[in-house]
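From first to last, the protein sequence lines are chains U and P. Quick note on numbering: the UniProt record's numbering labels position 304 of the first sequence as 304, and the sequence is numbered without any gaps. Quick note on numbering: the UniProt record's numbering labels position 349 of the second sequence as 349, and the sequence is numbered without any gaps.
Among these hints, one or two may not hold up.
In this list, chains with the same sequence are indistinguishable; a pair is considered to hold if it fits within one copy or across any two.
As the list claims (entries may be wrong) - Simulated pairs of lysine to any residue, SDA-like, Cα-Cα distance not exceeding 25 angstroms:
| hint | residue 1 | residue 2 |
| --- | --- | --- |
| 1 | K293 | R151 |
| 2 | K277 | L373 |
| 3 | K97 | P108 |
| 4 | K370 | R167 |
| 5 | K33 | P68 |
| 6 | K12 | P408 |
| 7 | K277 | S426 |
| 8 | K231 | Q440 |
| 9 | K231 | E301 |
| 10 | K293 | A371 |
| 11 | K355 | R183 |
| 12 | K277 | D243 |
| 13 | K126 | D101 |
| 14 | K231 | G367 |
| 15 | K293 | Q35 |
| 16 | K247 | L373 |
| 17 | K446 | A18 |
| 18 | K33 | D127 |
| 19 | K413 | Q59 |
| 20 | K12 | R167 |
| 21 | K446 | I62 |
| 22 | K446 | G189 |
| 23 | K305 | D78 |
| 24 | K446 | I67 |
It should be emphasised that the hints constitute simulated quantities derived from the structure, not laboratory data.
Protein chains: 2
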Amino acid sequence: MRLSRYFLPVLKENPAEAQIVSHRYMLRAGMIKQQAAGIYSWLPLGYRVLRRIEEIVHQEQIRAGHIPLLMPTLQPADLWRESGRYDDYGQEMLRIKDRQDRDMLYGPTNEEMITDIFRSHVNSYKDLPLTLYHIQWKFRDEMRPRFGVMRGREFLMKDGYNFDVDRDAALHAYNRHMVSYLRTYERMGLTAIPMRAASGPIGGDNTHEFLVLANTGESEVFYDDRVTGLKLGQREIDYDDRDQVAKVCEEFTTLYARTDETHDEAVFNQVPEAHRKVGRGIEVGQIFYFGTKYSEAMGAEVVTKEGTKVPVEMGSHGIGVSRLLGAIIEASHDDKGIIWPEGVTPFPVGIVNLKQGDAAADAACAGLEKALLARGLEPLYDDRDERAGAKFATMDLIGLPWRITVGPRGLEKGVVELTSRRSGTSEEMSPEAAVDRITQIYAAHK
Amino acid sequence: MRLSRYFLPVLKENPAEAQIVSHRYMLRAGMIKQQAAGIYSWLPLGYRVLRRIEEIVHQEQIRAGHIPLLMPTLQPADLWRESGRYDDYGQEMLRIKDRQDRDMLYGPTNEEMITDIFRSHVNSYKDLPLTLYHIQWKFRDEMRPRFGVMRGREFLMKDGYNFDVDRDAALHAYNRHMVSYLRTYERMGLTAIPMRAASGPIGGDNTHEFLVLANTGESEVFYDDRVTGLKLGQREIDYDDRDQVAKVCEEFTTLYARTDETHDEAVFNQVPEAHRKVGRGIEVGQIFYFGTKYSEAMGAEVVTKEGTKVPVEMGSHGIGVSRLLGAIIEASHDDKGIIWPEGVTPFPVGIVNLKQGDAAADAACAGLEKALLARGLEPLYDDRDERAGAKFATMDLIGLPWRITVGPRGLEKGVVELTSRRSGTSEEMSPEAAVDRITQIYAAHK
Numbered sequence: 001m002r003l004s005r006y007f008l009p010v011l012k013e014n015p016a017e018a019q020i021v022s023h024r025y026m027l028r029a030g031m032i033k034q035q036a037a038g039i040y041s042w043l044p045l046g047y048r049v050l051r052r053i054e055e056i057v058h059q060e061q062i063r064a065g066h067i068p069l070l071m072p073t074l075q076p077a078d079l080w081r082e083s084g085r086y087d088d089y090g091q092e093m094l095r096i097k098d099r100q101d102r103d104m105l106y107g108p109t110n111e112e113m114i115t116d117i118f119r120s121h122v123n124s125y126k127d128l129p130l131t132l133y134h135i136q137w138k139f140r141d142e143m144r145p146r147f148g149v150m151r152g153r154e155f156l157m158k159d160g161y162n163f164d165v166d167r168d169a170a171l172h173a174y175n176r177h178m179v180s181y182l183r184t185y186e187r188m189g190l191t192a193i194p195m196r197a198a199s200g201p202i203g204g205d206n207t208h209e210f211l212v213l214a215n216t217g218e219s220e221v222f223y224d225d226r227v228t229g230l231k232l233g234q235r236e237i238d239y240d241d242r243d244q245v246a247k248v249c250e251e252f253t254t255l256y257a258r259t260d261e262t263h264d265e266a267v268f269n270q271v272p273e274a275h276r277k278v279g280r281g282i283e284v285g286q287i288f289y290f291g292t293k294y295s296e297a298m299g300a301e302v303v304t305k306e307g308t309k310v311p312v313e314m315g316s317h318g319i320g321v322s323r324l325l326g327a328i329i330e331a332s333h334d335d336k337g338i339i340w341p342e343g344v345t346p347f348p349v350g351i352v353n354l355k356q357g358d359a360a361a362d363a364a365c366a367g368l369e370k371a372l373l374a375r376g377l378e379p380l381y382d383d384r385d386e387r388a389g390a391k392f393a394t395m396d397l398i399g400l401p402w403r404i405t406v407g408p409r410g411l412e413k414g415v416v417e418l419t420s421r422r423s424g425t426s427e428e429m430s431p432e433a434a435v436d437r438i439t440q441i442y443a444a445h446k
Numbered sequence: 001m002r003l004s005r006y007f008l009p010v011l012k013e014n015p016a017e018a019q020i021v022s023h024r025y026m027l028r029a030g031m032i033k034q035q036a037a038g039i040y041s042w043l044p045l046g047y048r049v050l051r052r053i054e055e056i057v058h059q060e061q062i063r064a065g066h067i068p069l070l071m072p073t074l075q076p077a078d079l080w081r082e083s084g085r086y087d088d089y090g091q092e093m094l095r096i097k098d099r100q101d102r103d104m105l106y107g108p109t110n111e112e113m114i115t116d117i118f119r120s121h122v123n124s125y126k127d128l129p130l131t132l133y134h135i136q137w138k139f140r141d142e143m144r145p146r147f148g149v150m151r152g153r154e155f156l157m158k159d160g161y162n163f164d165v166d167r168d169a170a171l172h173a174y175n176r177h178m179v180s181y182l183r184t185y186e187r188m189g190l191t192a193i194p195m196r197a198a199s200g201p202i203g204g205d206n207t208h209e210f211l212v213l214a215n216t217g218e219s220e221v222f223y224d225d226r227v228t229g230l231k232l233g234q235r236e237i238d239y240d241d242r243d244q245v246a247k248v249c250e251e252f253t254t255l256y257a258r259t260d261e262t263h264d265e266a267v268f269n270q271v272p273e274a275h276r277k278v279g280r281g282i283e284v285g286q287i288f289y290f291g292t293k294y295s296e297a298m299g300a301e302v303v304t305k306e307g308t309k310v311p312v313e314m315g316s317h318g319i320g321v322s323r324l325l326g327a328i329i330e331a332s333h334d335d336k337g338i339i340w341p342e343g344v345t346p347f348p349v350g351i352v353n354l355k356q357g358d359a360a361a362d363a364a365c366a367g368l369e370k371a372l373l374a375r376g377l378e379p380l381y382d383d384r385d386e387r388a389g390a391k392f393a394t395m396d397l398i399g400l401p402w403r404i405t406v407g408p409r410g411l412e413k414g415v416v417e418l419t420s421r422r423s424g425t426s427e428e429m430s431p432e433a434a435v436d437r438i439t440q441i442y443a444a445h446k
């Protein structure tokens, strides 16, 4: 993409309304525009990151054997009357009347609807296990929407629902979700720690939240700091292997890590003092096992192998897709702007032409662009007639992890400069070597 | 994907509520489930096709130089008061009050919001031309939602908006959209004919609708039947070349083709009688050039090269993404079920194991699955313990264009059977040859 043809409305000034760094940088980098309180347009750069995050979530859910579908944003109130939540939900639910005066709502979550889909089509243990999920816009009419996309009203969420014949199978589904979430966050460059949570209005027995450590987090967190060193890495996971999956969960949930809601001072004090940490965290996902709460209320039953009818065992599992952009920026930035992890960056690399209009520099930049595109890596090429300082400031602000700088002086020596946004270090090399290096870096992020 | 692990709730009976074939087959093939009048869940098979169509639309828009972003589903009423459409729009607009009693609405289209984004960030001819588009859920509160996804209330639409400094540039944007739409529909296996349209509530001078011929279409159409033979084919388009793009448009709009709204009997009678056809069509897209209607009302101005301020020239251009599934099925089916064009099929090929549990058949099917996956072609493998007739009926109903049938008898001779859903013809060949053939067929549909 050439910047001269793109729509990247960066702001020079800090917007007054933004209280936290992610909100500030998302506005300044031309990623979002507020359209109403807690409702945003995703401008081209923001949309690219959103899509990338969505893609990673899809890939890891599918890898875990979960099946994507898509439920609508609007739901009939009657479904929620069956579960009893229509009256319970309170003012965060956006209630709507259509032209026929029917009660509708903008879905804040989908337990009722997915249970309805299930009961309409499945009635035997033979069709289980089954986990269905979607990535769809939700609406929660927050009293005080704030912090940009971190606490918006219209937000994008992945929510998945498992259906299993018994508690053991449902707990395996729970574990499968935990592991798939760990991998999802790792691919985004995040350390998200599963912490035992209190059950909210959805109800639930077993439930963990995933928290990213950040000073601006809404929750106070208490943890053994060795938990931040745990990594899934490249290990192979067989999601059908109950023992393997359970062992991974054990590994990631044994060290103390809790939010203020479930914190237990006495247990915490058993953590060696050198490892005992208190901080703040941003919630980026949650998994729930709630058993038969909805299936009983809504009559979603299956016939077991033994021929008896039982309400199906369920759980629901969510990832805050749009909120993740804010969380990633909170966790990865400096005073010049965003620093995107390679897994989610809107463009893998930026090209800065130091002397637009110089035949050699223009040709070298076009050559780099072409070579990168041929490897499936679309660069953002700043081909504007601007001074170098302004180009660097834009690249630093929007946070592409790698930058190739091209100028007449380097080209005389046959070199360009490859710079890491994170470390700030630069290295001179031939254009071909720069393309090879970028290709290698992103090979792990397909 | 193995069918035993998938969620494909096919129906044996014809659902009573479905009046047209696409609605009937989408329900029977387990692609959609109605959640409220005109509001559907997209079950896994339907969702796969929807995503595929979305992907083609994205690819062709990006190829034309248009830039994706994403606007929210809910909009503040105030924006629509600026253009005057809040009062004009009538009962099809779903009006909502939030908990602060603010007037909101579920966007039926986005001219106001995109104009707001534009005026907030662009003020010079130097940033033009610019075309922004998104693919987002819309809501129109139809009095009588019917025909499944063909006339739903919550529907997925691509809507794009061009911003240009003058009329000539805006007409080029109009032409660019026409050509990109022609390619989009062709890739979906559709013949969609651009027909001069009357301007609707959006307003507009130049406007064409794209119609797919089908007996169940909502519009009466009058055309020279030579128009159905026009194809873009593989020709290279340079979307920056005004003359080339204009010539393609001329080629596709010179022969008579109009809807009842703009039909002119006198002109139609000049078409040679042998080519004069009257039929019905389904609208799958529309392009509009409307000039400064919104930019004047909303103050979206740019400074020209000469230093004067002018309201920006605009147009809006839409593709009915979710409706396209219905249109494609109306245009491509038989009495056994859907026949997906290769460009949009949910799975490129189905594998039918005639004798599940037979070691040789199971191994051959698993081998085919693996080989196809290695080529990036995910098959749907019917590994259920069902009789062959039921497996064939399911494959015919869901309409995968190719089927590989594997049985012990063929394997003794070293062959499997490759069957075309469209022609019904089968050919015996080695499993390797079948994989090669499928790979070749889909090479043109990346």
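Each hint, compared with the structure:
In the homo-oligomer, the alpha carbons of K293 and R151 never lie at most 25 angstroms apart, since the shortest distance is 28 angstroms inside one protomer and 35 angstroms across protomers. Taking the shortest Cα distances, K277 and L373 never come within 25 angstroms of each other, neither inside one copy (45 angstroms) nor across copies (47 angstroms). When the C-alpha separation of K97 and P108 is checked against a cutoff of 25 angstroms, the pair qualifies both within a copy, at 16 angstroms, and between copies, at 16 angstroms. For the homomeric pair K370 and R167, neither the shortest alpha-carbon distance inside one copy (55 angstroms) nor that between copies (33 angstroms) is at most 25 angstroms.
In the homo-oligomer, the alpha carbons of K33 and P68 lie at most 25 angstroms apart only across protomers (15 angstroms), although the nearest pairing inside one protomer, at 29 angstroms, exceeds that limit. In the homo-oligomer, the alpha carbons of K12 and P408 never lie at most 25 angstroms apart, since the shortest distance is 28 angstroms inside one protomer and 71 angstroms across protomers. Proximity of K277 to S426 under the C-alpha cut-off of 25 angstroms is found in neither arrangement, the shortest distances being 36 angstroms within a copy and 68 angstroms between copies. With identical chains, the CA atoms of K231 and Q440 are at most 25 angstroms apart within one copy only, with a shortest distance of 22 angstroms there and 41 angstroms across copies.
Neither within a single protomer nor between protomers do K231 and E301 lie at most 25 angstroms apart by alpha-carbon distance, with minima of 39 angstroms and 53 angstroms respectively. In this assembly of identical chains, the alpha carbons of K293 and A371 never lie at most 25 angstroms apart, being 56 angstroms within a copy and 43 angstroms across copies at closest. Taking the shortest alpha-carbon separations for K355 and R183, neither the intra-copy value of 42 angstroms nor the inter-copy value of 38 angstroms comes in at or below 25 angstroms. In this assembly of identical chains, K277 and D243 lie within 25 angstroms of each other by CA distance neither inside one copy nor across copies; the values are 31 angstroms within and 67 angstroms between.
Proximity of K126 and D101 under a CA criterion of 25 angstroms is satisfied in neither setting, with 41 angstroms inside one chain copy and 49 angstroms between copies. Taking CA atoms no more than 25 angstroms apart as the test, K231 paired with G367 passes in neither setting, with 38 angstroms inside one copy and 34 angstroms between copies. In this homomeric assembly, K293 and Q35 come within 25 angstroms of each other (Cα to Cα) only across copies, at 21 angstroms, whereas the closest approach inside a single copy is 37 angstroms. Neither within a single protomer nor between protomers do K247 and L373 lie at most 25 angstroms apart by alpha-carbon distance, with minima of 42 angstroms and 30 angstroms respectively.
For the identical chains of this complex, K446 and A18 are neighbours neither inside a copy (33 angstroms) nor across copies (43 angstroms), given an alpha-carbon limit of 25 angstroms. Taking the shortest alpha-carbon separations for K33 and D127, only the inter-copy value of 18 angstroms comes in at or below 25 angstroms, while the best intra-copy value is 45 angstroms. For a Cα distance limit of 25 angstroms, the shortest separation of K413 from Q59 qualifies neither inside one copy, at 43 angstroms, nor across copies, at 39 angstroms. Taking the shortest Cα distances, K12 and R167 never come within 25 angstroms of each other, neither inside one copy (55 angstroms) nor across copies (32 angstroms).
In this homomeric assembly, K446 and I62 come within 25 angstroms of each other (Cα to Cα) both inside a single copy, at 15 angstroms, and across copies, at 21 angstroms. When the C-alpha separation of K446 and G189 is checked against a cutoff of 25 angstroms, the pair qualifies only within one copy, where the shortest distance is 14 angstroms, while the shortest distance between copies is 30 angstroms. Taking identical chains as interchangeable, the C-alpha atoms of K305 and D78 are never at most 25 angstroms apart, the minima being 33 angstroms within one chain and 59 angstroms between chains. Both within a single protomer and between protomers do K446 and I67 lie at most 25 angstroms apart by alpha-carbon distance, with minima of 21 angstroms and 23 angstroms respectively.
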